[in-house]
Structures are given as C-alpha cells and as structure tokens.
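Enquirer: If you read the sequences in order, they're chains R and P. Residue numbers for the first sequence, in the numbering used here: 1 to 259. Residue numbers for the second sequence, in the numbering used here: 1001 to 1111.
Think of the hints as simulated: they come from the structure by calculation, not from any bench. Just so it is clear, the structure is predicted and the values come from calculations on it, not from any experiment. Don't be surprised by glycine CBs; every beta carbon is placed ideally from N, CA and C. Check the hints yourself; a few may be wrong.
[As the list claims (entries may be wrong)] A short, non-exhaustive set of chain P residues, derived as facing chain R with CB atoms under 8 Å:
1. G1027
2. S1043
3. S1046
4. R1071
5. R1077
6. L1099
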Amino acid sequence: MRQDPPRLATWMLSHLAAGSDDALAGDLLEEFGAGRSRGWYWRQVSGAIAAGIFRVAGNRGPAMVFASVWAMLAPVWLLVIAEVEEHAHLNGRFYRMEWPWSTVCDLGLLLVANLAFIWAGIVLYLLTDFAAGRPRRPHRLRSGIAGSLPVLMVIWVALITVPKYFIDVKTTDQRALGRVSTYAITNLHPAEVIRLAPEQEWSAQFGNPMVPAAVSPLSALTDMHNSTVLVRLLFLLILLCALWRATPRSRRIHGGISA
Amino acid sequence: MTERSYLGEFELVILLAVLRLGGEAYGVPIARELEAHRGRDVSLGSVYAALERLELKGLIRSSLGDPTPERGGKAKRYFVVTAEGLRQVHETRRVLTKLWRNLPALKGERT
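Please put together the full structure from these sequences, using the hints given.
Expert: Here it is in structure tokens:
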C-alpha cells in the first residue's frame, strides 16, 4: 500500500504557504497517490512556500519600500527630539521629580516621540496610497496604528532585558546604575547607545556625556554607525508590522470569484 | 498610462493550457500540460500563484468541484478562461506574430 506523504511537509504546506488553499493540497495528494515520490512532494511544498513568500512580498512591496525610506529618517527625528529635550531642559526637570514620576515622564516623552514618528509614517503612506487611487478603509488605518504600539512595547521590553550584555550606555548620572537599562530605551539615540562586541562584558561607563555623533539633520541622515543602523532597523520593524496590518491582503483564489 | 493588454510568457502558457483542457482544467492537468510542452518539472505552487494573478485580473474564473477520497477529501478547483482572457490571448498572439514576421533571418536558422 502506498505510504502517506511526509507529514511535516503537509503541515508546512498548510501553515507556511501563504495564499494556498485546499485545492493545491488536494492536487499534491492526488499526484502523490498516482506515484510521485516523497522528494517530489517535498519539492512541491517548498515551491508553494516560496511562491507564497514572493506573492506576499509583491503585494506588500510598496509598503516595504516606504517603511525602509521612512526608517532612514528616524535618526533625524531623534535628533530633533534630543534638541527639543535639551532646549526645554526636560531631562533636568524629569530628574528632579520623585520616582516613579521621573521615569514615567522620561518614558512617556520618548514613547510619544517614537509613536508620533511611526504614526506620521503610517498616515503619510496611506495618504500616498489614497492619492494613487488605492483608498484604504478606515479600520485598516486604525489597525495599523493600534498594531504599532504593542510592537514598540515588545521592542522596548527586549531592549531592557536582552541586550544589556552588548549595549553600553554612557550617562552622566553616576548613581544611576539601576537605571541604565531604562536609559537605554529612553535614550535610544545614535549619540548615546553604542553596540559593543558580544565578548565584551557589560559595563556602564560613567563620566561626561558623549559628543553627539550626529549634530545636524544631514549628518544624522547619513550616519551609518552600528547604533544608528540598529535604531533604523527597529523603526523599520515596527513600521513593517504596522503597514502589514494597514495594507489589505490580495483576494485569495478560494472564496474569490467563483462561477 | 495605458493598461497592458498582452500577457507574460508563463501567464500565456497557462491560459493556453486552460483553453486546451476545457472543462477538465484544474491544478494537476494544467501542471501536466505545462510539463509536457515545456519539457521540465513545474511547481504546482507557482501554477496556482499565476492562476491567482490571472483571476485577480479577471482573465479566468474558478469554481470548486466535489471533494474526492483520493485527494484526502479536498475539492478540485476548476478554471475557465473569461471573455477578457480570450481577448488578451488573441491580442498577445497578434503582437507576437507581428514581431516574428518582422524579424530578420536569424543566424543558423533553416529556411
């Protein structure tokens, strides 16, 4: 009696092949039952998964390009925020507050600043889409905006917990060893976060604040230090997740236009 | 910008296969037809991806058949070419024929 097709391949087909439907799975079973090899079955499943990835990337291509361009601008925005902070002496004001208000205000300002940049990107993308004659439904916009918040929070939590072994933060606050990880997320800025080689031990370096790597919007835009690239990648990730939700999927074959 | 009214190579051969198969055009025979004429293995996933694109463009339409035991209880999806699909097949043939006719004699070509 003919063996069943590889279970793992069948599972991968149903879970990883975007846009595939029962008809494709049935076709593969029919061909396998007619004498095709397990290798053929695996090749077909791999091909279906690859085709699904290309299809998804093709549908979301404009969103990916926009997110990449917008994320490139993130260091400029962070520089603007840093200058506003410095101008208004916000860090000093927050520092004089009682805990937890000092941390809440510090985090709140950066949360608002980061979200403003991300949400402005989402709205701009959807406006350009609208201008190009591809209007989106309002719930897609809401979905994208709402989706960016949990992703940002997850990244912040990850920045607090995971990378303390390879992120070195320079701060003027010598008593603030316990706040260093907080500092890392509230000051996720090219001038203040440096990526170290993994073999280097974690150490908070105290002393004078670093001379900002980027001092003008143009230098921030062209800054390609590891820390700046890291910042851009994080914003890119958040934007991609948000725009993924804001962009409708293409109609799939099943349940689509039927005779 | 004018809308493109001729088809890509893979889209064209799939439409021709669907036309040739008539009422029996579903994934397996379409893929076999392509394999027979192109002389190499065809990925059913890429065939379905192309069929989806064609359906989104309104060049084909599909309907589900009955589930069968040899397919694990999964139904076949039958495809038929729409009037617009047929028009684009003719248009593509017209463009290609015109291009071939105006081609100078190729090196090594038998006359």
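Enquirer: Compare the structure with each hint and give your call.
Expert: Now for the hints, and whether the structure bears them out:
{"no.": "1", "hint": "G1027", "in the structure": "holds (4 Å)"}
{"no.": "2", "hint": "S1043", "in the structure": "holds (3 Å)"}
{"no.": "3", "hint": "S1046", "in the structure": "holds (5 Å)"}
{"no.": "4", "hint": "R1071", "in the structure": "holds (4 Å)"}
{"no.": "5", "hint": "R1077", "in the structure": "holds (4 Å)"}
{"no.": "6", "hint": "L1099", "in the structure": "violated (27 Å)"}
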